[in-house]
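Q: One letter stands for each residue in the lines below.
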Amino acid sequence: MRNLILLFVKYGNIFLFIFLELVCLTMVARYNTAQHEIFVNSANIFSGVLYNNVNGLKQYFKLSAVSDSLANENARLRKILYNSEVDKISRRDSLLSLDSALQYSYITAKVINNSINLNNNKITINKGRKDGIKKRMGVINADGAVGIIKEVNNNFAVVLSILHRSVKISAAVKSKGYFGSLQWTSDNPSILDLQDVSRHADISVGDTIVTSGYSTKFPPNHMLGVIDTFWLEQGNDSYAIQVKLNNDISNLQYVYVIDNLLSDEQNAIEEATINE
Amino acid sequence: MNNITSKIIFRFILLVLLQVAVFKQFTPDSGYGLYFHTLIYPIFIIILPFRISKINVILLAFAFGLVLDMFYSSPGVHASACVFTAFIRPTVLSLVKPQGEYDILHSPTIFNYGFVWFATYCAIMLFAHLFFYFSVEAFTFVYIGQILLKTIASFIVSYFLIILFQFIINPK
Numbered sequence: 462m463r464n465l466i467l468l469f470v471k472y473g474n475i476f477l478f479i480f481l482e483l484v485c486l487t488m489v490a491r492y493n494t495a496q497h498e499i500f501v502n503s504a505n506i507f508s509g510v511l512y513n514n515v516n517g518l519k520q521y522f523k524l525s526a527v528s529d530s531l532a533n534e535n536a537r538l539r540k541i542l543y544n545s546e547v548d549k550i551s552r553r554d555s556l557l558s559l560d561s562a563l564q565y566s567y568i569t570a571k572v573i574n575n576s577i578n579l580n581n582n583k584i585t586i587n588k589g590r591k592d593g594i595k596k597r598m599g600v601i602n603a604d605g606a607v608g609i610i611k612e613v614n615n616n617f618a619v620v621l622s623i624l625h626r627s628v629k630i631s632a633a634v635k636s637k638g639y640f641g642s643l644q645w646t647s648d649n650p651s652i653l654d655l656q657d658v659s660r661h662a663d664i665s666v667g668d669t670i671v672t673s674g675y676s677t678k679f680p681p682n683h684m685l686g687v688i689d690t691f692w693l694e695q696g697n698d699s700y701a702i703q704v705k706l707n708n709d710i711s712n713l714q715y716v717y718v719i720d721n722l723l724s725d726e727q728n729a730i731e732e733a734t735i736n737e
Numbered sequence: 079m080n081n082i083t084s085k086i087i088f089r090f091i092l093l094v095l096l097q098v099a100v101f102k103q104f105t106p107d108s109g110y111g112l113y114f115h116t117l118i119y120p121i122f123i124i125i126l127p128f129r130i131s132k133i134n135v136i137l138l139a140f141a142f143g144l145v146l147d148m149f150y151s152s153p154g155v156h157a158s159a160c161v162f163t164a165f166i167r168p169t170v171l172s173l174v175k176p177q178g179e180y181d182i183l184h185s186p187t188i189f190n191y192g193f194v195w196f197a198t199y200c201a202i203m204l205f206a207h208l209f210f211y212f213s214v215e216a217f218t219f220v221y222i223g224q225i226l227l228k229t230i231a232s233f234i235v236s237y238f239l240i241i242l243f244q245f246i247i248n249p250k
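Chains as they are written, first to last, in the numbering used here: chain A, 462 to 737; chain Z, 79 to 250.
If we strip away everything but chain A, and leave its shape as in the complex, we get (with noise of 0.2 Å):
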């Protein structure tokens, strides 16, 4: 202690001169204009530097989930390449497993604007009529549906969510068969409706809920969700089911445009018959 004084009462002057002068620099920088905005600026300039850095970590900490997602996609696509190699096997005789091979074509595009606390929710891709995109399109990623493109410049597309009230996917209930529309009637934008499965139809809670195939828009037996509850209302015909979606409409990143190269043809017999 004493040995502390003494160093107090030799060096006193200097350790009140490296106080004084923090007091003065630190008043410097916090109350003179030009001064604060070097002081700030240089301090930007080292926090920068270091969230770059973390940044570039974090990233690489995300790999493995990004690598993850591709190989789930890869392990998927295989899939489809093999089941449609033997599709086309056992069919050689008959032209239509070429045609349905060529019957859809997918672009990629990357959604640059989304919303999910909406009563009518929308993405915006980053692809538009110049890559092919037109109306009427159905989108989907590779865990679900997404939505169906409503407008389309040269550049851009949006696209009218799942989660949006008048956007209705016809679906069906996996290798059962029975079918309906599938619609955001919820406020909860993980769970959909699906309306007009008949009262007769044998589901159970965990269905697999795909796409039909019925409408042009999407290709069928893509995964949308599974079934959470259903219940029978009374006096309806229907059952109520509320299906859980399979992907996450909050975190999209790249989708699928399907560009369904038949679509035409079959818009075209199907509306020669509308008033029969």
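No lab work stands behind these hints, which were simulated from the structure alone.
Here a beta-carbon is modelled for each residue, glycine too, at the ideal position from N, C-alpha and C.
Be a bit skeptical, because a hint or two may be false.
[Stated by the list, open to error] DSS-like mimics (lysine-lysine), calculated; alpha carbons at most 27 Å apart, straight line: (1) A/K629 x A/K571; (2) A/K629 x A/K583; (3) A/K571 x A/K611; (4) Z/K85 x Z/K102; (5) Z/K102 x A/K471; (6) A/K471 x Z/K132.
[Stated by the list, open to error] What follows is a list of derived Cβ distance ranges for each label pair: (7) Z/L183 x A/K471: 16 to 26 Å; (8) Z/T83 x A/A495: 30 to 40 Å; (9) A/E498 x Z/L183: 24 to 34 Å; (10) Z/I241 x A/N502: 34 to 44 Å; (11) A/K471 x Z/R129: 12 to 22 Å; (12) Z/I230 x A/N616: 21 to 31 Å; (13) Z/A197 x A/V470: 28 to 38 Å.
Please build the complex by placing chain Z on the supplied structure of chain A, with the hints as guidance.
A: Okay, now just chain Z, sitting in the frame of chain A:
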């Protein structure tokens, strides 16, 4: 002691008034004039009597700088330069030690130790003060060229006035 205290208080007020009311008004705010800041107030620290302890010199300089900053509306800039000047004072004094020792009852002035001695001592102190002041004002050494230019230009004006001040007001 009472005599010295009142003398210092008087000098404190006089130098603040002189600096703020007179020399601050002379500082042009455009062109080459921008480099010529007339800062005569460091003389307050330069000629403080020897008998005031190192720590008290620093504290006095701090208070003096803060009052100046009030008038210059530049919190901390003058104060930090004053504290720095007060801190290096003992070192500079021992550097330019004249023949024989300093008399503890004296002040480091022209009249006690001669013109040449004072000119040397004052030059070192003033230059250090101005350099520190303009460095803090710029707040970065990126503009070291401009800092040096300002220091030298202001040094010439202020040095001349400080020596003159010594002759006008006899602080003996």
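Q: Looking back at the hints listed earlier, which ones does the structure fail to meet?
A: 5, 9 and 12
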